[in-house]
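S.K.: Chain residues, written in single-letter form:
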Amino acid sequence: GAVVSQHPSWVICKSGTSVKIECRSLDFQATTMFWYRQFPKQSLMLMATSNEGSKATYEQGVEKDKFLINHASLTLSTLTVTSAHPEDSSFYICSAVPWGGADNYGYTFGSGTRLTVV
Amino acid sequence: KNEVEQSPQNLTAQEGEFITINCSYSVGISALHWLQQHPGGGIVSLFMLSSGKKKHGRLIATINIQEKHSSLHITASHPRDSAVYICAVRGSSGDKLTFGTGTRLAVRP
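Listed in order, the protein sequences are those of chains A and B. Okay, so the first sequence: first residue is 1 according to my numbering, each after it adds one. Okay, so the second sequence: first residue is 1 according to my numbering, each after it adds one.
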């Protein structure tokens, strides 16, 4: 089945530094990648949608300069949290839609990254 | 009011019990998804439904489009079924999902 590899699975960083999270589709081409943030015991909150080769579309209230998303190829999308602060500590997870669309193939989720900013 | 409502929010069951989780939505959809989130955070897609009923092992998912309602059933529940179950709907256009708040299931041995 389709697999999305997300790493790191957890990261601790110092306040003010940047952290990059990668999502890679291993056996399919992902035309669309969604990036979510999840607070404890809450549901997923969509941050942005990225399509290969074009700029990401950010949801209202999400700072595009803080959360940089790059979808440089059909198998790799990255989220960089720039100048991280403790309030950015959260669980981040991606999901990919294969070429052929969600109608036919649904969504494949990464395993998530737990970010702690100290 | 959320566009996707799930009930119950929390559920504790004894091993072997039959479990039902409900999902109601208020928007037009092209598909409804049931997802399972394990304690470590990873999410697995269980079902994608646009009509009728689907079965996979001990899991059964049904949807009633007219009533805007879906149910996820687990037969002969097992402690390994303990997870958060999330209902998500995809609208009539685009690929964005709208998520329910999840149902936290604990199955006791």
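Possibly wrong hints are sitting among the right ones.
[Said to hold, decoys possible] List of simulated lysine-lysine pairs, BS3-like, C-alpha gap at most 25 Å:
#, chain 1, residue 1, chain 2, residue 2
1, B, Lys-96, A, Lys-41
2, A, Lys-55, A, Lys-41
3, A, Lys-55, B, Lys-68
4, B, Lys-68, A, Lys-66
5, B, Lys-53, B, Lys-68
6, A, Lys-20, B, Lys-96
7, B, Lys-68, A, Lys-64
These are computed hints drawn from the structure, not numbers from a lab.
S.K.: Does each hint fit the structure? Answer for all of them.
M.R.: Against the structure, the hints come out as follows:
Restraint check for Lys-96/B and Lys-41/A: satisfied, since their Cα atoms lie roughly 21 Å apart, inside the 25 Å limit. For the suggested pair Lys-55/A and Lys-41/A, the alpha carbons sit about 31 Å apart, so the restraint of at most 25 Å is broken. At most 25 Å may separate the alpha-carbon atoms for a hinted pair to count; Lys-55/A and Lys-68/B exceed this at roughly 35 Å. Between the alpha carbons of Lys-68/B and Lys-66/A the distance comes to roughly 38 Å, so the proposed pair goes past 25 Å and is violated.
Among the hinted pairs, Lys-53/B with Lys-68/B is consistent with the structure: their alpha-carbon atoms are about 14 Å apart, no more than 25 Å. Taking the CA atoms of Lys-20/A and Lys-96/B, the gap is about 23 Å. The hint holds against a cut of 25 Å. Distance hint between Lys-68/B and Lys-64/A is unfulfilled; the C-alpha atoms sit about 35 Å from each other, more than 25 Å.
Figure legend: structure checked against the earlier numbered hints; hints not met, in rising order: 2, 3, 4, 7.
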